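There are 2 protein chains.
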Amino acid sequence: MGIQVYGFWRSIASFRVRVALRLKGLPFEEIPIDILSGEQFEPGYEAVNVERVVPTFIHDGHSVFQSLAILEYLDEIHPEPRLIPEDAKERAYARSLALMTIADSHPLVVPRVRNHLARAFGADAKAIEAWGEHWTTEGLATYERLLARRPAAPFALGAKPGLADICIAGQVVGAHFLKLGLAPFPAVAALADRCFALPAFATSHPFEQPGFKTASAHH
Amino acid sequence: MGIQVYGFWRSIASFRVRVALRLKGLPFEEIPIDILSGEQFEPGYEAVNVERVVPTFIHDGHSVFQSLAILEYLDEIHPEPRLIPEDAKERAYARSLALMTIADSHPLVVPRVRNHLARAFGADAKAIEAWGEHWTTEGLATYERLLARRPAAPFALGAKPGLADICIAGQVVGAHFLKLGLAPFPAVAALADRCFALPAFATSHPFEQPGFKTASAHH
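So the sequences go chain by chain: S and F.
0 is the number of the first residue of the first sequence in numbering that gives the first Met the number 0; add one for each residue after it.
0 is the number of the first residue of the second sequence in numbering that gives the first Met the number 0; add one for each residue after it.
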């Protein structure tokens, strides 16, 4: 039985999983859950994912939740090519970089948070966009400072793209959504360019998903 | 050279690292960074942690950032007792549980977010508390649903406490800050009681730190 991923074209966490599967050459089927319209709250999806979020990774009847747990699992069951290096200190650095967006920046800009800002504070579309710009910029600035200390060579951990690059590229996807210029973050921009030159990254970008094309056609 | 942790009494991420070090029996020195007064933005701390967050783990001149990366690193360099099981599916489940608070619930209630709500939306103390209650409750409810599907026996992954329990206990610490009753979440409450019966958890609770006692004496 193949790999299935419940995901959404716009979800940056779903983007991370798509890139990882493609870097490893693992075919998968993506089942769309429209988290903008609230499809994740329907009982059918709660049976799949009790947290009601995407992505959910399913293989041989076994489910894994949370993009970082999915990437770690993939690296354990299909170690080549590695997303996380073998050396303990390098593994820690890769995970540190990953978590700066996964645990600090990206959680602040997801749809359920944007919706709650509107409900709780009456925030309008412009204020919600400014909120997203603030946290997306904070994340980019953190990565820029980190890459100044340890330049990408050419990827964050060395010769090959992996976990850290996937997560930094996801942060850049957030900038693409908001049409933020990357000029203040040249090291991040150069790393993202190297990533998106690779088919695994390019074909996984939200703007390349069928759901984006359908959504755009309706506007 | 021993282990040093830059942390803060109130930080739930610092709590996770304290528990992990104590479960493994590793002595450490905690260096306080007052993230309520903004000490993390001073140049001295930026040299330690470019993201300007706690915790920072330092051992033999090597730094690790982000609580989950620190716990994974500790499990790699000091495997016994394990915080993350050996089986790949069980490892994935432990990390999934951990990330529900680390990547989804906890990031929404940290000081920099509460401060930005005040700046961006003019949120007052009551509105910020309601925001914290909303996301803390969402996280507790997710854990309650998960523990209904796979009951703790007696800990989340089995006989011994580990990564998932540390993270669920941290979510409960968030409820303690807000004085939220745990009656709607009986499975989470019972798991937290089992955790806080252990010295590694009890002595790591924010309310047991010297900084809390000093802060309370000033009010």
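What the hints contain is simulated information worked out from the structure, not anything from laboratory work.
Treat the hints with care, as some may be off.
[To be verified] Straight-line distance between alpha carbons at most 16 Å, and here's what the computed EDC-like set of lysine to aspartate or glutamate pairs gives:
#1 S:K88 / F:D59
#2 F:K88 / S:D74
#3 S:K159 / S:E41
[Claimed, not checked] Per the computed footprint, the stretches of chain F lying under chain S, defined by three or more beta-carbons under 8 Å from a beta-carbon of chain S, are:
#4 2 to 9
#5 26 to 38
#6 48 to 57
#7 101 to 109
#8 123 to 132
#9 191 to 204
#10 207 to 213
Computed from a predicted model, the values in this text were never measured in an experiment.
Think of the CB as a built atom: it goes at the ideal place given N, C-alpha and C, for glycine as much as any other residue.
Evaluation of the provided hints:
{"no.": "1", "hint": "S:K88 / F:D59", "result": "holds (12 Å)"}
{"no.": "2", "hint": "F:K88 / S:D74", "result": "holds (12 Å)"}
{"no.": "3", "hint": "S:K159 / S:E41", "result": "violated (40 Å)"}
{"no.": "4", "hint": "2 to 9", "result": "violated (count 0)"}
{"no.": "5", "hint": "26 to 38", "result": "violated (count 0)"}
{"no.": "6", "hint": "48 to 57", "result": "holds (count 3)"}
{"no.": "7", "hint": "101 to 109", "result": "holds (count 6)"}
{"no.": "8", "hint": "123 to 132", "result": "holds (count 3)"}
{"no.": "9", "hint": "191 to 204", "result": "violated (count 0)"}
{"no.": "10", "hint": "207 to 213", "result": "violated (count 0)"}
When held up to the earlier numbered hints, the structure conflicts with 3, 4, 5, 9, 10 and fits the remainder.
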